[in-house]
Amino acid sequence: MKKIDEKISAIDTNICQNIDKNQDNRGFLAQNILAQLRNFVEYISIKYYVNSISGDISGIPEDMYDEINQGLNFIKGNSKLYFLAKFHQMLQKSVSHYTMSEENSERLMLKYYEYLLKIKKNLKTDFNLNVLSNIDKFPVNLDNQLSDYYEKIVDKLEMTYVSEISEDRYYIQKTKPFFIDNEIYYEITFREANDKTSKFERNIAFTNQDILSNYAVKLSIKHDTVNMYGKHMPILIINNWEVSIRPCELNVFSQILNNFTQIQSNHNEYRRLMEFIKKSRFNILDILLLETSSYEKVKKYVTSKSKKVYLFKTLDTCREIILNNRPGCNVLRYLSYHFNNKIMKLQKNRYGNSCERLSNLRVEYGCIPFDEMPFVSSLLGHNPKIYDLLWCIDTNGREHELLARKIQINSQTNGKLYTSIDELESFEDIHLLIEKYNSNLYWKQRETREIGNVGKNYYIKGFEDDVINILEKLKEISKEGIENYENSVESWLNTGSYIIDCKDKKEILKTMFSNSKVSLIYGAAGTGKSTMINHASNFFGLQKKLLLANTNPAVDNLKRKVSAPNCEFKTIAKYLYSKEKQDCDLLIIDECSTVSNSDMIKILSKADFKLLILVGDIYQIESITFGNWFKLAKTNVSRTSVFELTEPYRTKDKPLLNLWTKVRKNEDDLIEYLTANNYSVRLDESVFLTDDLDEIILCLNYDGLYGINNINCFLQSNNPNKLVNWGVVSYKIGDPVLFNETSRFSPVLFNNLKGKISNIEKLDTGIIFDIEIETVINEIDIVDLDLELISSTQNSSIVRLSVYKYPNMSDNDNDSDDTVVPFQIAYAISIHKAQGLEFNSVKLIITDEIDELITHNILYTAITRTKKNLKIYWTPETEKKVIEHIRIDESRKDESILKRKLK
1 MKKIDEKISA
11 IDTNICQNID
21 KNQDNRGFLA
31 QNILAQLRNF
41 VEYISIKYYV
51 NSISGDISGI
61 PEDMYDEINQ
71 GLNFIKGNSK
81 LYFLAKFHQM
91 LQKSVSHYTM
101 SEENSERLML
111 KYYEYLLKIK
121 KNLKTDFNLN
131 VLSNIDKFPV
141 NLDNQLSDYY
151 EKIVDKLEMT
161 YVSEISEDRY
171 YIQKTKPFFI
181 DNEIYYEITF
191 REANDKTSKF
201 ERNIAFTNQD
211 ILSNYAVKLS
221 IKHDTVNMYG
231 KHMPILIINN
241 WEVSIRPCEL
251 NVFSQILNNF
261 TQIQSNHNEY
271 RRLMEFIKKS
281 RFNILDILLL
291 ETSSYEKVKK
301 YVTSKSKKVY
311 LFKTLDTCRE
321 IILNNRPGCN
331 VLRYLSYHFN
341 NKIMKLQKNR
351 YGNSCERLSN
361 LRVEYGCIPF
371 DEMPFVSSLL
381 GHNPKIYDLL
391 WCIDTNGREH
401 ELLARKIQIN
411 SQTNGKLYTS
421 IDELESFEDI
431 HLLIEKYNSN
441 LYWKQRETRE
451 IGNVGKNYYI
461 KGFEDDVINI
471 LEKLKEISKE
481 GIENYENSVE
491 SWLNTGSYII
501 DCKDKKEILK
511 TMFSNSKVSL
521 IYGAAGTGKS
531 TMINHASNFF
541 GLQKKLLLAN
551 TNPAVDNLKR
561 KVSAPNCEFK
571 TIAKYLYSKE
581 KQDCDLLIID
591 ECSTVSNSDM
601 IKILSKADFK
611 LLILVGDIYQ
621 IESITFGNWF
631 KLAKTNVSRT
641 SVFELTEPYR
651 TKDKPLLNLW
661 TKVRKNEDDL
671 IEYLTANNYS
681 VRLDESVFLT
691 DDLDEIILCL
701 NYDGLYGINN
711 INCFLQSNNP
721 NKLVNWGVVS
731 YKIGDPVLFN
741 ETSRFSPVLF
751 NNLKGKISNI
761 EKLDTGIIFD
771 IEIETVINEI
781 DIVDLDLELI
791 SSTQNSSIVR
801 LSVYKYPNMS
811 DNDNDSDDTV
821 VPFQIAYAIS
831 IHKAQGLEFN
841 SVKLIITDEI
851 DELITHNILY
861 TAITRTKKNL
871 KIYWTPETEK
881 KVIEHIRIDE
891 SRKDESILKR
901 KLK
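Note that UniProt numbering has the sequence shown beginning at 1, numbered continuously upward.
Just so you know, these hints were derived from the structure itself, not from any lab. Backbone N, C-alpha and C define an ideal beta-carbon position, used for all residues, glycine too. There could be a bad hint or two in this list.
[Claimed, not checked] Distance windows between CB atoms, simulated:
1) Pro-177 - Glu-741: 55 to 63 Å
2) Glu-291 - Glu-472: 54 to 62 Å
3) Asn-718 - Gly-27: 50 to 58 Å
4) Ile-421 - Phe-28: 42 to 50 Å
5) Asn-227 - Leu-323: 53 to 61 Å
6) Leu-689 - Val-454: 54 to 62 Å
7) Phe-127 - Leu-323: 46 to 54 Å
8) Ala-676 - Glu-425: 51 to 59 Å
9) Gln-89 - His-232: 37 to 45 Å
Can you build the whole structure from these sequences, using the hints too?
Printed below as a string of structure tokens:
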């Protein structure tokens, strides 16, 4: 019999030898290491278990199935080793059953590196056992320019700070470990724990403490700086924390379980539960799943000093439903794993009624699909992340859901309506899995969510139905045009009252409704699509016109560009939310590539129009949810309805125009052209030097040295005005800002409205901002809004708004958003937010952390925001990887299948 130490040592030797031999091929190295890790963790768990019972580890048999289970059960119940149980759970879900590709193996190893360092440290401390001696040679970070930045932050983290934990609560959105000298540190992305806080309002801080991210926390935060590029870059340091679930969240959770409580943060039961969660690192679901004796010990500890038990009355009921696998258990598993007030309120029945199909929980009937098939369904108003689902719900017996999820994601994320059988090769018995999935669908959703097939291609029926319905509707209204239309346009132009100085646009206007009552206008960035909309709107003069777009910036752009009378402008969401069925003579939809199939079918069903104009560019950022109708319409609707603008007007810079074309067509010499024309630049301090007053920095990520948050902080430090701290965020007069979605000041202050801080006044009870906004308003506009108009010019207005601070405001279920700052600092913005905007100068930052997220459409959208100057900041390695990755989807499969079905 081999000793358990020998088994651990054999795997350790294999890993170390692989690191020595294969450092130059990170993907291959990662593959080899991942193949060893599950056994490695299982043998380590046995060692800890046997040591805990003073057993003889030399007598363990070759077949160690029982010992492995005993070891795993031991580490699951040991708070110190709980990280090891989590690691094993990850390995079971990711690498146990098949070999990962090199690329996916790299991603997993970067995620698992943290756990390997913890194993190394624990085995040395607990058993004086040296393992993973050369783990520091694994190439964690291929981008060396970040090392100096993180080393300076670690120097700050090693200092001793004395600061109290704030009473404010925060949600942890992301925890990213980084490694210096075999020690683990964390870059934390967090936001205020408030139902109204925008998802874009993110803060970044650094810590050497592993903060639990499931629940709201309180933090001890210190403002500091590190010296970068000869300047002081502001950073936030977290030196202490505590779990602090919002009492309102516990109360809503209790109401769902028919237990009406008034839990408060000063209750002994509450305080002791928060302390236990931090100390043990067990989340509430972990506690609920403990063996009975362990659960009772936790319950006794938490309630021992309480006069009355509130929380555990709820948890006892919840535990009974989960352990007996009763209906509603999956909803409770997720909610207990990831407490969030906004999410829970969306599930809770608004009238307090019980759902008899979910064990009489007080939730909406719309929760049933998620409870029955959580890996392919959403909660109401919330799409859980796959990693969260994997943590709280077992995948055994749910292969049919994972298959359906693969097909669903292929459509929603990759824009493919049909998934070939080759893409599903990791699944066995596909037909049986599809049959099981279809039969398990909630009856109300069978028509839309069933999986169908065309030969060896599979699809979600609702997705196909939407596309076919849209295309058939467009084909129907393209069958006939307006009689004598061309002559009427010619006559109107001959009056000389309106001048069109572009021959192409003039010809399009003359013919767009001659043979069809729908006109589809496609055009590259800067070709004058908005101008074409203005021409058409002016021709139809006094006719009633409704202009729709997906985003507020796009609607605002239409308002600026369209000068015709009798026009109404709305976002698609606002139009669809309105219960009134609105009629118009001319319906115009802009930026159609961003409009989802489901929204488009709703518009066509609701709108009562005589003529329809659809405008967009299929090469710019596509719909967030599945939206391929505009691309398919180009070849599936009558050719007399389709027009294309080709002459660019945004810029006359020929090298820039050539670049746009090369990216649009993804030409082979793209890298050479970028280099020859100095568009590609290595990331350095020049990114922080302003080249033009009308300049913007575009990023895709918020965290990291070159993320949106850091760049905003760094550029703000160049602002000479006085710093005003409000919570963890700092503001200065002169800061550019971008407004978030807010019902408090709507519709005057809307999402993505640009502005600049002109004055700040900080009080004990709140903070007052004067903001110069890039729109002109009058006194009537702000009636009934908590806004004050300070002054106005022909181009802008200054408004005053207040943000208030109440004691223990995150304790309560407060629907008011008067405690939320409605804007974010905007020296840099995301590429998605920049769509529809243009600037004299654009600096685009692409790091190796986000290179795989850069699609062809995202890159094309980013580089076409500029009118003059463009710099793309990336390493040669990142540049090569991105350009190799951005392949235009030339597949004609969706198109050819749909054409046959449409016929």
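Hints, one by one, checked against the model:
1. Taking the beta carbon of each, Pro-177 and Glu-741 are about 32 Å apart, not inside 55 to 63 Å as hinted.
2. In this structure the supplied range 54 to 62 Å holds for Glu-291 paired with Glu-472, their Cβ-Cβ distance being about 59 Å.
3. For Asn-718 paired with Gly-27, a C-beta distance near 40 Å fails the hint of 50 to 58 Å.
4. In this structure, Ile-421 and Phe-28 break the distance hint of 42 to 50 Å, their C-beta atoms being roughly 29 Å apart.
5. About 55 Å separates the C-beta atoms of Asn-227 and Leu-323, a value consistent with the hinted range of 53 to 61 Å.
6. In this structure, Leu-689 and Val-454 meet the distance hint of 54 to 62 Å, their C-beta atoms being roughly 55 Å apart.
7. Between Phe-127 and Leu-323 the beta carbons are some 35 Å apart, a value that contradicts the proposed interval 46 to 54 Å.
8. Distance hint check for Ala-676 and Glu-425: the Cβ-Cβ separation is about 42 Å, which falls outside the suggested range of 51 to 59 Å.
9. Distance hint check for Gln-89 and His-232: the Cβ-Cβ separation is about 43 Å, which falls inside the suggested range of 37 to 45 Å.
Hints 1, 3, 4, 7 and 8 from the list above are not met by this structure, while the remaining hints are.
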